[in-house]
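Got chain Y sorted already, so can you dock chain F onto it with the hints?
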Amino acid sequence: MDNVLKILSPGPLTTVQDAGRFGWMASGFSPSGAMDLPAARTANLLAGNPMDFPVLEMTLVGIQAEFGCDAVIALTGADMAAVLDGEELPRCQAVAVRAGQVLACGAAREGCRGYLALAGGFALEPEMGSCSTNLKCGLGGFEGRKLRAGDELPLREAPPFFGGLAGRRAPVPDFPPPEETIALRVLPGPQDGAFTAEGLRAFYEGKYAVTPASDRMGIKLAGPSIEAKDGYDIISDGIAAGSVQVPASGQPIVMMADRQTTGGYAKIATVITADLPKLAQAKIGSQVRFRAAGSPREAQAAARREAQKLRRLEYRMLWQ
Amino acid sequence: MNTPEPTILPAGDAALVVAFGNEISPAVNARVRALTDSLARRPLRGVTECVPTFRSVLVAYDPCAVRYAWLRRKLARRLAALSLAGEAETRVFVIPVCYGGAFGEDLPAVAEHTGFSPDEVIRRHSGADYLIYMLGFLPGFAYLGGLEQALHTPRLQNPRTSIPAGSVGIGGEQTGIYPLASPGGWQLIGRTPVRPYDPRRAEPILYRAGDYIRFVPVSAEEYAELEQKQAAGERIWEVKARG
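Chains as they are written, first to last, in the working numbering: chain Y, 23 to 342; chain F, 96 to 338.
Bound conformation, chain Y alone:
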């Protein structure tokens, strides 16, 4: 076989994603990109790639795939019980694999989305500036769609001496146990004024469960109804990542990577950048609650701390 990753079993939703397709929201294109971006970036760093290279995002159940060539891989994000030729693989560690070996991931034991990076990356051409798959438009990634059994993903040639990457490690993420409520920090607005005092109290004091209707567009939650003053509709405007929109059902939806670019529902608050990965990894049935993040300044300090963790990891990789 050639330089390919042959998909034997794709799992329910495996797509190629990078950091996202930017600059096209004004034309109506969702940014797409990895839902848990720090996990995707960690996988790339372990595999010796630039942080924002395309990786595979696997949802709930991972892939089974055969390597057409020797490679170094890294698995991050959800714990998908990965084995290589029957032997359990460590998480968040670069591992050398030989041509003909088979990677078999299972159902996520912890978390919801797993990421696979390969040293050298996938040989895919960016479309409109990104390799992220936009499922609605059939754009980017591998043929613009989710992976199917039999697909052969072309790989770029790995860097020389890539075998030396094996063994590099990053901290394994600490997912909360299923019974624990996930706290999400939010900044109010932009349309918090559209809601009654009771509505705001319900939002900040209630617990909300992640429902099965959740996907890459939005995490749909169920819990105490959020009351609007007079109607949930606004004149359609732009939707930021993490926007919590509340339609007439009174049930909040947190808008994620594949969100519509604009929408006509009032947005009560916005989940801060540092906490979006927690939501991306929340399983169906998980409980979340919202709490005020303070000021944009504090929220941005949290975002910078997360970015620094990755930068420190990148630096450490030079010496491992």
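The set of hints was computed from the structure by calculation and includes no laboratory data. Please note that the accuracy of each hint is not assured.
[Said to hold, decoys possible] Listing some non-contacts, in silico: residues in chain F with all C-beta distances to chain Y over 10 Å: (1) 105; (2) 108; (3) 136; (4) 145; (5) 150; (6) 189; (7) 211; (8) 213; (9) 222; (10) 224; (11) 280; (12) 300; (13) 314; (14) 319.
[Unchecked claim] Output of the computed footprint for chain F on chain Y, the stretches with three or more beta carbons under 8 Å from beta carbons of chain F: (15) 28-40; (16) 251-259.
Note that CB positions come from ideal geometry on N, CA and C, so glycine has one too.
What follows is chain F alone, placed relative to chain Y:
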């Protein structure tokens, strides 16, 4: 011009909204566009997206590169110096539409609701220039202003699960083109062979906010010819200067 002061509000820690009022009007939308044009000409550090809508602009940025307070200050200064005079030449996209028949199944229903004959609905619908207020919902989906009140028709009770790309419809006070096959509840009155979104084109999205759209009726035979021309790589729409 007596317009309210724009407000700047955070939309999380990686975006903010500049709102120019709370109404849909060409005057408010012109200010939205003026800011968008200004940011396109002279970008601000850290800004990753700029999404113009009816009455506001969503500005997304890298929260690790710039701080909210800094960006807010920069934008306030930009807003104070904003001029409406510098608008680029207005373009009108002339889009051929085959009205009625299999392409516009709901034309009879729209005719009945409005009290016009189907021909009169076509004459009126194709007799106006529609301002593109914003793009959103789907890639290349244009929110158009200017549908005359006499043509307003409620959406379908039961939305269709799939509407072919290029369908032209009326939904309440709005009219527009479906750029992709998608579910939808608008009354379909025709179809255009023009693809507002074509990933293989140098400009994947045909038009932008601030342009106008004019529909011209074509027969089913002309529609088929245009489709062939397009397949051969020919341009089947016209762009004219407005005024």
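Taking the numbered hints from earlier one at a time, note which ones the structure violates and give those numbers from smallest to largest.
-> 1, 2, 4, 5, 12, 15
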